[in-house]
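Peer 1: Protein chains in written order, with the working numbering: chain A, 1 to 509; chain B, 1 to 121.
Calculated directly from the structure, the hints in this document are not laboratory data. All figures in this text were calculated on a predicted structure; none of them were measured in a lab. Be aware that one or more of the hints could be misleading.
Now the in silico label distances, taken between C-beta atoms and shown as ranges [said to hold, decoys possible]:
1) Q120(B) - S377(A): 19 to 29 angstroms
2) E94(B) - L264(A): 55 to 65 angstroms
3) Q64(B) - N497(A): 31 to 41 angstroms
4) D26(B) - S377(A): 47 to 57 angstroms
5) L196(A) - P34(B): 40 to 50 angstroms
6) N38(B) - K225(A): 36 to 46 angstroms
7) V329(A) - E20(B): 23 to 33 angstroms
8) T390(A) - P34(B): 35 to 45 angstroms
9) W491(A) - E20(B): 42 to 52 angstroms
10) A109(B) - T382(A): 56 to 66 angstroms
11) K5(B) - V329(A): 46 to 56 angstroms
Where a beta carbon is used, it is the ideal one built from N, C-alpha and C, also for glycine.
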Amino acid sequence: MGKENHINTKKINTPLDLDVLYKVLDASVTGIVITDNLLPDNPIIYCNPAFEEISGYTRSEIIGHNCRFLQGKDRNQPERKAISTALASGESCRVEIRNYTKKGKLFYNELYISPVKGENGQITHFIGIQNDVSSRRRTQQELELVQEETERKVEERTRMYKESQEYLSSIVETIRESLVVMDKDYKVLSANNHFLNTFKVSINETKGKLLYDLGNGQWNIPELKKMMEEILPTNNPVLDYEVEHDFPHIGKKLMLLNAHRIELEGRYKDWILLAIEDITDQRALQQRKDDFLSIASHELKTPLTTIVGYMQLMNRMMPENASDKFKGVVEKTGKYIQRLNQLLSELLDVSRIQTGNITLHREEFDFDKMVAETIESIRAATPSRKISLTGKIGRNFNGDESHLIQVVSNLLSNAIKYSADNTKIEVRVSSISDFIKVSVEDKGMGISEDELNKVFDRFYRVGEVQKHYPGMGIGLYLCQQIITNHGGTIWAESQKNTGSTFSFTLPMY
Amino acid sequence: MKDKKILVCDDDQGILEMLELLLEEDGYQVVLEPNSVNALRSIERESPDIVLLDIWMPMISGDQILRSLRDNPKVSSTPVLMYSASTDGKNIAESCGADSYISKPFDLAVMLEEIERLLQE
C-alpha cells in the first residue's frame, strides 16, 4: 500500500499532473486558498472560483492579502486565536468562523487549515479549505431556537399548572365549606382545611379512611349511602341533603350535603366531591326570626282584640242622635283597625308558612261557588267597582277552601287597589286539561318588566307603589305559597299603564 | 235566656273588661277570672252556664284547664267556648274538647251568636 502511495505521489509531481490538479481545485465547489508562509504576513497565493463565489471578492482582490480580511471588523472572535495558535505551532485546525462577503453579508465559514511542510520540516504553505455553512448553521440555530421555545413553553405550562394548582387550592382552602374528595370506594383522597377545622379532626384521621367510618359513623346513613352509591353509575348528584347528627367534638349540628362526580377536562373520573355546609346557625337564626314574627304578631293581636271589641261596642252603643260627623269618625277608625288586623294576620300567616306549619286542610268544595262568593264579598265592600266573572269549572275541587279564598280575594283587592275607580276588573275561570285556571285582570297602572318577577317575593313592594299605598308586601307571597302548596303555579303578566293579569293554575287530581 | 251566667277566664285585663261590658250590655251575668290557676275553682263555685276560655295564659293554659274540667263530674258538661290568636288554636281547642272556637280578634256579633247557640243546646 505504501508503495502505491509513493507511485501516486510521483505522478502528481509531474508538470502534466500539476495542471490537472489545478483544474481539480478550480472545479471544486469547496472554497480553497493557499497561503505562502515564507512570504511576509502569510499572503494568499491561490484561490479557486468557489472561494470567489463564497466571499464575493474577485481573484484580483484576494491574491496577496492575508486571510484576516474575511473577518472584516469582527476581530474579537475566539476562533481567530485558535487559528493563530495552530499557525504558530504548524498544526492543522478546524474552526467555524464568522466571515463577511465583499458586500458585508455575514456567513459562517467552516475552515480547515493544514500546514504544508518543506523538506527541512519548515512550514512553507497553509491550505485553507472553506465551506459556507451559514444555512446549516441557521438550521441548527433554528433547531436550538425551537428547542429553547419548547423548553420555555414547558416551563410556562408547568408554571401555569402550578399557578392554577395554587389558585385552585387557595379557593379550596379559603372557601367556607367543607370539601372532601373520595375515590370510587368512598375512601377519602383529600379534605380541605375547613373540613378539618369544622369537624375538629386531623388529616391523618381522615385521609385514606372510608367516608362511612369517619368520626362516629356520622355519614353512615342508609339513605345517604344509597344516594352516594348512585352518583358514579348514574351521574346523579346528591343535592341539598340535610343531616342532623351529634358529631364527635362539635355536638349536634345540622349539615347540608351536596355530592357530585368529579369531571376533569370534560371527562368523568371515578371520584366524588362531597361538599358539606354547616347550616345549624343559619337554620336557628331563621327559626328565631320566624318565632319572633309569630310571637310579635300574636302578642299584638291581644290588645287589638280589645280595641276591635270596643270599636264594635261603640257602634252598638251609638246614641241615636249622634252626628254624622261622629259616626264617620267611628267608621273610619273601624276601617283602619280592620286594616291593622289584616296586616297582623298576614304576618302571622307568613311565619306559619315559613316554619312549615301550614297544613292544607283539603276538602271537596264547590270551586265556582267559592269564586263567586269571594267576588260577592269584595263587591259588597267596594260597591263602586265593576267586577265581572266569566267561565266556570262545573265540578268540585279538593283543596283548602279558606286558603284559596284568601288567594282570590288578595288578587281582587290588589286589582282594586292598583287601578282607577272607573275601570273594570275581569275574573276568568276555566278548566284546561286537568287544571283549573283563574285569571284576574285589571286596567290599572301595570308593573314594569323588571319588577314583574319580584312581586311574589316576600316583603317586596313595587317601587312607586310603596309611596302611595299601604302594605307590607306579603299578600302575593302568601298567594304563591298557598298555590305552590296545592301543586299549582301563579304568575303575573303586565304592561306599564295598561294593566296587569294575575293567573294561577291548580292541578285537579 | 238573658239571666244566664257567663264566666270569662283570660289573663288580659283589657279583654276581660271589654267582654264584661259587651256581655252585660246584652243582659248576661258576668264573672271574670283573670288568674288561670283559680279558673277551675271559680267554675266549680260559680257553676256558670257557659265558660269563655283563652288558650294562651301563664301558669296554666286554657287547654289544661279544659281537660281538668272535662274530668271533673261536677262541671264536666259545662259548654266551653275557646278563643286564641294562636294559629293552631283551632286544633288545640278541638283536641281538648271545646264546644266552640273563635280566633282573635273576634267579631262580637259572631261571639254573641256562638254563646246563644251553645246555651240553647
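Peer 1: Hint numbers the structure violates, sorted upward?
Peer 2: 3, 4, 5, 6, 8, 10, 11
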